Every structure is written in C-alpha cells, then in structure tokens.
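Number of protein chains: 2
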Amino acid sequence: MTTVDTAHVATSTALLTDQYELTMLAAALADGSAHRQCTFEVFARRLPHGRRYGIAAGAGRMLDALAEFRFREPELAIAEKFLDADAVNWLRDYEFRGDIDGYREGELYFPGSPIVSVRGSFAECVVLETLILSILNHDSAIASAAARMVSAASGRRMIEMGSRRTHELAAPASARAAYLAGFDATSNLEAVRRYGVPGAGTSAHAFTLLHSGSDGAHEAAAFRGQIEALGVGTTLLVDTFDITQGVATAIEVAGPELGGVRIDSGDLGVLARQVRDQLDALGATRTRIVVSGDLDEYAIAALRAEPVDAYGVGTSLVTGSGAPTAGMVYKLVEVEGVPVAKRSSHKESRGGTKRAVRLSRRTGTIVEEIVYPASGPAPETDEFEVRDLLTPMVRGGKIIDDRPSLRDSRELVARGLISLPWEGLKLSPGEPAIPTTFLQ
Amino acid sequence: MTTVDTAHVATSTALLTDQYELTMLAAALADGSAHRQCTFEVFARRLPHGRRYGIAAGAGRMLDALAEFRFREPELAIAEKFLDADAVNWLRDYEFRGDIDGYREGELYFPGSPIVSVRGSFAECVVLETLILSILNHDSAIASAAARMVSAASGRRMIEMGSRRTHELAAPASARAAYLAGFDATSNLEAVRRYGVPGAGTSAHAFTLLHSGSDGAHEAAAFRGQIEALGVGTTLLVDTFDITQGVATAIEVAGPELGGVRIDSGDLGVLARQVRDQLDALGATRTRIVVSGDLDEYAIAALRAEPVDAYGVGTSLVTGSGAPTAGMVYKLVEVEGVPVAKRSSHKESRGGTKRAVRLSRRTGTIVEEIVYPASGPAPETDEFEVRDLLTPMVRGGKIIDDRPSLRDSRELVARGLISLPWEGLKLSPGEPAIPTTFLQ
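Residue numbers (my numbering), protein chains in the order written: chain A, 136 to 575; chain B, 136 to 575.
One chain only, chain A, in its complex shape:
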C-alpha cells in the first residue's frame, strides 16, 4: 500500500457516479445518439420548506472534482463488469471538452434558478450528473443553513464545530461552506489545511475530568494546566460540575484577564446572564462568553438579547438545520438546439438553455429574478439595475482561472444577505424572498 499525503494527491472522481449514467452512455454510443449536442441544467424545484432563499455553494469543489474525472485502469475495471468494449474504450479517453456556466459560488438562488448549465455532447455531460449534484446539494444545504445562523447572530462570532456529526470527509466541506456563508472559524483541522479556513478550539469536559483522583475532581488543576500551556487568552469550559463554582475557579486561577469561558449545557440564556454578572463582579469584564450545545438559527436568535460573545454550532449546521440536502436536480433541457422536457406529473421542468438576471433597486435591494431563453435577448429595464447571474466556468473543457476565492465568495454571501428585502431575512417559514419570472 502506497502512503501519500492527501493534500498533494489527485485521485480519480470518476466512480463517484451512478451506474445508470454509464449504461445510458453505452446505449447512446450504440445507437448513435451519444454525440448529440446537449444542455443539462442544475436547478432546485423548490427551496427547503419555508426557506426564503438559498446560497449556491460548491462550485469551487465541483471544478476541482471535474479536473480529476478520469477513467484509468482501476476505474475501467469496474466499468468493464457491465459495459461493452466500445463504451469502456470511450471512457478510457474521456475528458470533458464542453462548456459550463454557473452562478458564482456564494450567490443567492431561488426556485428554478439555473444554477449551473453544462453543455457538450450527451455522452460527455451525462456522466457528470451525480458528481456535480452531490457536491452542489451538500455544500448548498450547509451554506444555506449557515447563512440563516449568521444573520441570526447579528455579527457575533460564529464557530463551526459539527465535524463529529457528519461523515468524516463531509466535515471539511461543511466547514468550508459555513465559512463561505459567514462563520468566522472551524474546529476542523482538515478544513484549515485544505481550504485555509481559520481554526478555533476551546477545551473539553474530558480535560477537566482527567484531573480527577480517588478524592474527586480537581477543576482548578485542570484550569491551571490549560492556562499554563495555552496562555491566559484561552477559553475555559466551566460547566463540567457547577457553573458558578466553575466561573469562580476559572477567575481565581486565570485572573480577570481570562480570554473566555464556555457554557455547553443548560438554559444558555439564563446562564449567560448569570455568568456575565459573576464575571463582571470579579473584574473580568472583558472575558468573553462562548455558548454551545444544540444551537440552531432559532436558538441563536433567541439569545440575541443575552450577553453572549460567540456561538459554537455543531449538529444543526452540518445537517443543514432540517434540510440536509438542497434537492437540486440535473436535467437535460436541450438537444441539438431543441428544448426538451419531461411531462409526467409533479416533476415538470422547463426546456431550453437558459440565462438569468437579477433586478435590484438603486438602494441595492433585489426585487426579482428573470430566467430567459439563452437564444433570446436579455431583459431590459430602466427602472432597475440588472445583474447577469451566469458566469463562464469552463470553456472547451478548460477551467477558467478567474474563479472567486473562498473569501470572495464569503463577501458575495454577505452582500447577498444585505440585498434581500427585509422579509427575506425572517427565520419563520415563508415564500421565496423575491419572485422568479420565466420568460419563454
């Protein structure tokens, strides 16, 4: 077994694919339809229940994964089990040579927004369905939930700490999506390495409990150990036993310059107030209060009036706060210039390659999204600012180099949230923040 560092290894993403994509490819190669020029479009039929906007995330990871979508011998060995030789040979030479346009990573999206448009032969486009959707559905679900939490936190520090509640490799992607949506830091070290997300960490109950003997627990010894190793700016976890005693011990050991205390259980609002009063009375007026423990956007909002300095968010973030997947689909919308669409019940889609613009008032507030045929003219208006939403990502198989950095995308999310009409930021269930008009 070769041992290689992940950060410098390119591994094939070609089998992150559903089998039917390859059987369809084989059938299309056999009957000659494989080379027809097609457009596939990624969109969400609806937002998760009651959500007012979504954040399109994952485009950066999608392009990285596309670059590694290659069938080499190990991948071909799997394909050979169910494909004919012609199809296997076609896969051997596979390389996407078409075009991709998409919403910038971090852009707002709404039902029907043509988030990604993939154009090329049927064969070269059809095999990318699962990979593209997996990445966009995951990252957009996390970023969309994270943005609501960030807006509920009203500028207070947000730390992502949900790694243990999601697949081990979904964890760094979740941390990236949360950062993109406005979180300040992550506990996940792989996200620090891969994506440069700022790292953060406090302390754990295990560290306090470790300082126990047959005569019971020595919380002061644990705090002393942590301060000596990590400095007085560290955050002490004060709720292992009794919180009031924990805070008293923390300041006794650290002095009033202690960086922070963390509360991870109980009624966080009541406790935050008590702890703030206690800290202030002890002269630790600048010691920050970090709260964590089953926080979601509603709990964060409910703590707005309390003296909380930072939130640590875990489970609800990495599970998309009730919507763990964004529900985007990848649909064939055009064949050789002719729009196509499924007609069976409840799952209609709109045929034809599309483009999209968003209209906003001069104040910056967005008012409408317009989706229109790529073959037709762009909508014009004097009343509103018009912004083009689809940007070129791939041309002739070549990934365009000027994609936004993670920080650019983070700024785009922040600007997007400011641009929403005020109802759009409400946490209660509602309609999409702006209407989308589909021109024929």
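Hint data in this document are derived by calculation from the structure and do not stem from the laboratory.
Computed from a predicted structure; not experimentally measured.
Warning: the hint list may mix true and false statements.
Rough simulated footprint, nothing fancy, chain B against chain A, three-plus residues with beta-carbon under 8 Å [as the list claims (entries may be wrong)]:
1. 167-177
2. 269-276
3. 281-290
4. 294-301
5. 305-312
6. 331-340
7. 344-358
The calculated SDA-like cross-link candidates involving lysine to any residue, where the alpha carbons are at most 25 Å apart (straight line), are [to be verified]:
8. B:216 with A:363
9. A:533 with A:204
10. B:216 with A:392
11. A:533 with A:202
12. B:216 with A:328
13. B:216 with A:541
14. A:216 with B:540
Some but not every residue of chain A turned toward chain B, in silico, with C-beta under 10 Å [what the hints assert, rightly or not]:
15. 161
16. 324
17. 326
18. 363
19. 364
20. 369
21. 376
22. 461
23. 472
24. 476
25. 477
Idealized CB from N, CA, C, for every residue including glycine.
On the provided structure of chain A, position chain B as indicated by the hints.
Showing chain B alone in chain A's frame:
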C-alpha cells in the same frame, strides 16, 4: 501533482480532528496528566425521536481510518501553527497503542449501549474522538434508517440510489451502510469498487429525452436503443411522458420478456396497479415493476399491498430519514481506574469502564440489555440466553484480524431484526424495543 488510484492509496486521517483535541493534548502533556490511563466510551444518550432501535455501523471503516491516523510532515505543519514543540514532537511519533472493544458492526443498539470502548493513555485516546464519532454517527444513522426501510419492504428488492443527495464521499459510505442493513444493491460505483456492494442501474429520463427531434420525442427509439445495448432484461423508464403509452411502447419494442419498468413519479400505488394490469394483459406477466421517487419507510410500507417488485430509495436513505446523525458521543468515563462523569444539567453520563450483555428468550426474542461495570461479574440468569456484546477490536494498537465481513454484518442485522419483540418493528414513534438496565 501526483496522480494515484484511490483504492490503493493510504492517506492520513489525522487531521479529521477538532483543534481542541490537540490543544488539550498539549495542555495534558505540559502538566503531566497526558499519560494517565483512561477509558473513553462511545454511546448514544437516546435514539432519534420515536425510534425503537439503532444499528451500530461503521466499525470496519473506523478501524481502517485508525490505521491511517498518523501525523507526517503535512499534518505536522498544521499542528505547528498552534501547538508547542513538545506536543508536535509527540504527534510525530503518534500511533495508537491501546485497546478497543466494540459492538460488532451490524449489532442492534439502544440508549446507553457502550458501543465502543477505547482504552489507553489520555493522550493517545483523546485525539481519536472526532474521527471515531464522525464515522460511527454517519454510518449508524444511515444503517438505522435503512433497516426500517428494509423491514417495511418485507423482502422485496431494495436499491440504494441516493448518492446525488449527499456529500460525494459520504455516498459510498451510505451505500455500504444500506447494504449492511439489508439493501440489495446500490447505484454508486465507488461503493461497488471499495466495498463490493452489488451495483444496479436502470435508465434516466435524459436518455428518453435525448431521442427527440424537432418533431417531438421518440420514446420507442430510446427504448429500442436501450434494449439493443443492454438486452431485454433491462428496466425501461416509462414515465417520461404518458405512463400508459410508455408501457405499451415498452412491450411493443421489447416484447413480453422485458425485465422491468420503472415508475419515478405520480401516485405510485395507483400507478403500480394500473401498470401491472396493463403488463399482464400484454402477456408481460414476469416484467418487474420498480418504483422510486421520494420513498421513505412509510411510503414503502404504504405500498405493501401493491404489485411492486423493487424499491429505489434515495434522499430519505442518505439523510437518515429525518435523523441524519446518530448523536453518539465519546466520553471519558475512567481515569487510572476511577470512574469519572460530568455532572452538569441534562448531560449526565455514567462513569466507569463498562461491558454489556443482551438477554433473550429461548425463542430468540430479546428482552433486555444489561450494562455493567467491567470490574464486576457478568450478570447471570438461568431464565434467559446471555450474549456478550463487546468484542475485542484492537489490542496493544494492533487491529484484530477476525472482524466481520460486510456480509457477516448484513446477516447480523437480519438476525437482529428477527430478534426484536414485535413492537420493536413498528414504524410509529415509540420507546426503545427493550429496556436497558445499568448495574453499578
């Protein structure tokens, strides 16, 4: 950039870790407490809302990941950003040298079941928390949801096809967990490669739509292409336009020996009956009906009386059907032979290294789980069969070689479901199927 096949690459898992584990390590090394002998225990305080049992899954992947938990230069470069030189040097030599016991992969679990017990120095155990929990929480959430779907399907074929609705690398792990829980096949090719899960695939709407011209769609041409390439045993997707017409066309093209038809939209129960009648009338009495489209365990159960031969399950499977994470925690329970436990509100845990047995009647029906101190005697009873639940997985850092294969675990799940009292298999919200007694 080196290009290497994933299947033959060992990559470090050491940064799939939360930063605070390493800062605690540093503090414990500095104050001398790092070398205390500890037990950490993995358990779930409760099952997801209303669930009556859980399936412990992920142990096999956990042991694979443990073997690659090594800090080499790229991982150390991240650790150096926030750790002192002593801690970094300690990580450089890190290798887990302790013991791990755990519930066999595929075993039932209940609230408080000591699913994994990790023993060694504080330092060597504390750094594994996130990796172990990420894997067990993910895989157990999927397997637990999958088992309910399998039992609702009463022996009909189950195909996992949720890859596009979850992180691209969570997808093969989900397929593995579903297979373990009794699913028959997966659409995910990486799961076929990595874990030997049987692959499956039907057809897509895109393939039918591809066969369109300016005069409209040619469903018959699409069906003909698929049959010619994949044989008459293939499954045709009949709901792109009109289902009755689709079925008629399918049998016209394929003849009555057609393998199957798939319905992916509409009222599946009504449609399955109509399609069965139509197929039978056309002489296609052995053509199978595959249904898919937003199926969960309730929808599967609701289709029990209908002529459905196979279910394709996506979103609800990979999102744990409302419970996307199993909520397991990793808690320090013993230090140098002394039980320790957190005492703050709502999050009590029970101190001390534990073992567990499950009691069953001679008929095989389980009646109770007993969790008892590892230092004390095992419970005895003449009335019930007693089965030990914790098996050795790692001894002195060495992974024990006789772990169950995926097929062994699959059989264990099947036996576990049979062993539940009948109330335990009900889909409605309820209490855990058996009580757990905690002996002091």
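Hint by hint, here is what the structure shows:
1. Three residues within the 8 Å Cβ limit are the bar, and the region 167-177 of chain A against chain B gives 4, so the coverage statement holds.
2. For the region 269-276 of chain A, the stated coverage by chain B holds: 4 residues have a C-beta nearer than 8 Å to a C-beta of that chain, and at least 3 were required.
3. Here's how the region 281-290 of chain A fares: 0 of its residues keep a CB closer than 8 Å to some CB of chain B, so the rule of at least three is not met and the hint is violated.
4. Requiring three or more residues with a Cβ within less than 8 Å of a Cβ of chain B, the coverage given for the region 294-301 of chain A holds, as 5 such residues are present.
5. Given a C-beta distance limit of less than 8 Å, the hint that chain B covers the region 305-312 of chain A holds, as 4 residues qualify and 3 suffice.
6. Check result for the region 331-340 of chain A against chain B: holds, 7 residues qualifying (beta carbon to beta carbon below 8 Å, three or more required).
7. Coverage of a stretch by a chain is defined here by at least three residues with a beta carbon nearer than 8 Å to that chain's beta carbons; for the region 344-358 of chain A and chain B the count is 8, and the condition holds.
8. For the suggested pair residue 216 (chain B) and residue 363 (chain A), the alpha carbons sit about 18 Å apart, so the restraint of at most 25 Å is met.
9. Simply put, residue 533 (chain A) and residue 204 (chain A) have alpha-carbon atoms about 13 Å apart, close enough for the 25 Å limit, and the pair holds.
10. Between residue 216 (chain B) and residue 392 (chain A) the CA atoms are separated by roughly 23 Å; this keeps the pair inside 25 Å, and the hint holds.
11. Of the pairs offered as hints, the one joining residue 533 (chain A) and residue 202 (chain A) holds, with about 9 Å between alpha carbons and a cut-off of 25 Å not exceeded.
12. For the given pair, residue 216 (chain B) sits about 11 Å from residue 328 (chain A) by alpha-carbon distance, which is consistent with the 25 Å threshold.
13. Of the pairs offered as hints, the one joining residue 216 (chain B) and residue 541 (chain A) holds, with about 21 Å between alpha carbons and a cut-off of 25 Å not exceeded.
14. Taken as a hint, the residue 216 (chain A) and residue 540 (chain B) pair is honoured in the structure, with Cα atoms around 22 Å apart against an allowance of 25 Å.
15. For residue 161 (chain A), the interface hint holds, since its Cβ comes within 10 Å of a Cβ in chain B; the closest pair sits about 5 Å apart.
16. With a least beta-carbon distance of about 4 Å to chain B, the hint placing residue 324 (chain A) at the interface is held under the 10 Å criterion.
17. The interface hint given for residue 326 (chain A) is met, as the beta carbon of that residue sits about 9 Å from the closest beta carbon of chain B, less than 10 Å.
18. For residue 363 (chain A), the interface hint holds, since its Cβ comes within 10 Å of a Cβ in chain B; the closest pair sits about 6 Å apart.
19. At about 4 Å, the closest approach between the beta carbon of residue 364 (chain A) and any beta carbon in chain B falls short of 10 Å, and the interface hint on this residue holds.
20. Interface restraint check: residue 369 (chain A) against chain B, minimum CB-CB distance 8 Å, threshold 10 Å, status holds.
21. The criterion of a C-beta within 10 Å of any C-beta in chain B is met by residue 376 (chain A), whose closest approach is roughly 5 Å, and the hint holds.
22. The restraint placing residue 461 (chain A) at the interface with chain B holds, with a minimum CB-CB distance near 9 Å, inside the 10 Å limit.
23. With 10 Å as the threshold, the beta carbon of residue 472 (chain A) comes within range of chain B, its nearest partner Cβ sitting at about 9 Å, so the hint holds.
24. A least Cβ separation of about 8 Å between residue 476 (chain A) and chain B falls short of the 10 Å threshold, and the interface hint therefore holds.
25. A cut of 10 Å between beta carbons decides the hint on residue 477 (chain A): the least distance to chain B is about 5 Å, and the hint holds.
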